[in-house]
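This is what each chain is made of:
There are 2 protein chains.
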Amino acid sequence: MSLLVVGSVALDSVETPFGVQEDVLGGSATYFSTSASFFTPVQVVAVVGEDFPETYLDFLKSRNVDLQGLTREAGKTFRWKGSYSHQLNEAKTLDTQLNVFQHFSPELPEAYRSAKHVFLGNIHPELQGRVLDQIQGPRLVAMDTMNFWITGERAQLEKTLARVDLLSINDGEARQLAGEHNMVKAARAILKMGPKRIIIKRGEYGALLFDGDHVFSCPAYPLEDVFDPTGAGDTFAGGLMGSLALAPEINIEALRRAMVTGSVMASFAVERFSLDRLRELDRTDITRRYAAFQELTRFDSLDLPEL
Amino acid sequence: MSLLVVGSVALDSVETPFGVQEDVLGGSATYFSTSASFFTPVQVVAVVGEDFPETYLDFLKSRNVDLQGLTREAGKTFRWKGSYSHQLNEAKTLDTQLNVFQHFSPELPEAYRSAKHVFLGNIHPELQGRVLDQIQGPRLVAMDTMNFWITGERAQLEKTLARVDLLSINDGEARQLAGEHNMVKAARAILKMGPKRIIIKRGEYGALLFDGDHVFSCPAYPLEDVFDPTGAGDTFAGGLMGSLALAPEINIEALRRAMVTGSVMASFAVERFSLDRLRELDRTDITRRYAAFQELTRFDSLDLPEL
Chain L
160 MSLLVVGSVA LDSVETPFGV QEDVLGGSAT YFSTSASFFT PVQVVAVVGE
210 DFPETYLDFL KSRNVDLQGL TREAGKTFRW KGSYSHQLNE AKTLDTQLNV
260 FQHFSPELPE AYRSAKHVFL GNIHPELQGR VLDQIQGPRL VAMDTMNFWI
310 TGERAQLEKT LARVDLLSIN DGEARQLAGE HNMVKAARAI LKMGPKRIII
360 KRGEYGALLF DGDHVFSCPA YPLEDVFDPT GAGDTFAGGL MGSLALAPEI
410 NIEALRRAMV TGSVMASFAV ERFSLDRLRE LDRTDITRRY AAFQELTRFD
460 SLDLPEL
Chain B
160 MSLLVVGSVA LDSVETPFGV QEDVLGGSAT YFSTSASFFT PVQVVAVVGE
210 DFPETYLDFL KSRNVDLQGL TREAGKTFRW KGSYSHQLNE AKTLDTQLNV
260 FQHFSPELPE AYRSAKHVFL GNIHPELQGR VLDQIQGPRL VAMDTMNFWI
310 TGERAQLEKT LARVDLLSIN DGEARQLAGE HNMVKAARAI LKMGPKRIII
360 KRGEYGALLF DGDHVFSCPA YPLEDVFDPT GAGDTFAGGL MGSLALAPEI
410 NIEALRRAMV TGSVMASFAV ERFSLDRLRE LDRTDITRRY AAFQELTRFD
460 SLDLPEL
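Chains as they are written, first to last, in my numbering: chain L, 160 to 466; chain B, 160 to 466.
Accuracy of the hints is not assured; some may be wrong.
[What the hints assert, rightly or not] The following residues of chain L were derived to be distant from chain B, with all beta-carbon distances above 10 angstroms:
id, residue
1, Pro212
2, Ala314
3, Ser376
[To be verified] Residues from chain L shown here face chain B by an in silico Cβ test under 8 angstroms; the list is partial:
id, residue
4, Thr214
5, Lys344
6, Tyr449
Derived by calculation from the structure, the hints in this document are not laboratory data.
Every residue gets a Cβ at the ideal spot worked out from N, C-alpha and C, and that includes glycine.
Using the sequences and the accompanying hints, generate a full structural model.
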């Protein structure tokens, strides 16, 4: 079933201990849609500038990503520049140039308005709300956000949060949003703000799902070579939503499978710069790593003999 | 089958955001043996001073812990004083008084020398070696260590490490020991030092096992109330080794089950100060939480339809 994402399509400059890349393909909607495209067709709502290379758009088209909702405006494309230390766990933002993103006002093509699955990437919560206004009867709406909106646009963020089914954020953001250090308490506090489910991403430690009384702990794949963590969270979300778009019913079993699928996709994304690893990926790689996740986590029942 | 532990029996003074406790029962051998006693009888090698309360020994005896190898020396008991901030993830040591522990030289009673399972708690690596010298034909020898020995007694530590089957340490220590930040690379480097298997404890994120080509990711239980993390690692090790002592064969399946059992036990230990939660625990609590770990981690196979 149909899947729509709104977010950034960007040019990233990234420095890791393994090298430097300038103006490579990036952005939340890019990572999300490429990842999700392995499971279902994706509709993108985003904006780029005049300088955005046609080859990057060709790549997205080759992944069967629908770019009807991607507009090209006068000016330069959104740019992000960041660096990672040897720990590779947190990006240090060196420069952000909003450029055409500054006046971005998402307008959905007619064909997008009946999208059944919607992912509101990390943009201004008011814009996230404006996208929702244009969609009729979605089956599942998920969103991401970040510290910048949590502190700067709290009221608007809470309005949008009350309208979504699923929030997917990282642990630091969950703590900040809830004002609570303990992860279980933070999750419960956020669930009271509206979303029925929350996924807390914990980087190399995997992710936790809270859905009513259900808690699911999804590991990350222990990788020997993490090359560039940029986009891991959006790649996770793309695998998650792509998998859910295929599910006959959105229940706890489908959510568990979808989280592992998201974690599988993220484990690939970080193995190379930009989307380079996702470019060469095929579905056999995905099913093989999914099986590796099963092997990574399985254990037998406990059968305690008498003492 | 028999299980022996050498380590500290101590009086702890602990400050957490939830309160202060002075001179309560603590020490690696205490947490370990209490935890393991739910699975198998345990033999303790340790030393206490004249001031050590008889009631604490009575508690250990009530748990069927063999104290033949626990000696009482002139002087005061080993004391540790620490505090935890609101994050509850890392103890800040405020004071350590070695006292009788300073001249501790483990002498094993005859009955202990045929122990089949041995856990060398976090003491001077030379003393760990001296315990091993006294044991004939163990089935499994595991050890713990800490940053203090990694930096200060490296040569001796490497000697002991070469003699054990299993090393159980936390992630920071693994990185320090291997001189490698990436966890997979750190594990592989340490396996080259001798132990056949390594378990890397990651606190609230669970633990990883590396055993040849097998990797097992064991979660920690997401707790709403973490009260006092003191002893969590030793309680984990006690559940791990207690479970392995029951296993017909020590293979990857037994190790997986044992790690989950260790994680179950640690999840109880942190719910109260000192050993208070373990004191009132019964085996039904354990099997119930083990089942909760299964529920926490299970997910179906992936069945990808054609695109």
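Cross-check of the supplied hints:
| no. | hint | in the structure |
| --- | --- | --- |
| 1 | Pro212 | 26 angstroms, holds |
| 2 | Ala314 | 27 angstroms, holds |
| 3 | Ser376 | 4 angstroms, violated |
| 4 | Thr214 | 23 angstroms, violated |
| 5 | Lys344 | 6 angstroms, holds |
| 6 | Tyr449 | 4 angstroms, holds |
The structure does not agree with the numbered hints 3 and 4 stated previously, though it agrees with the rest.
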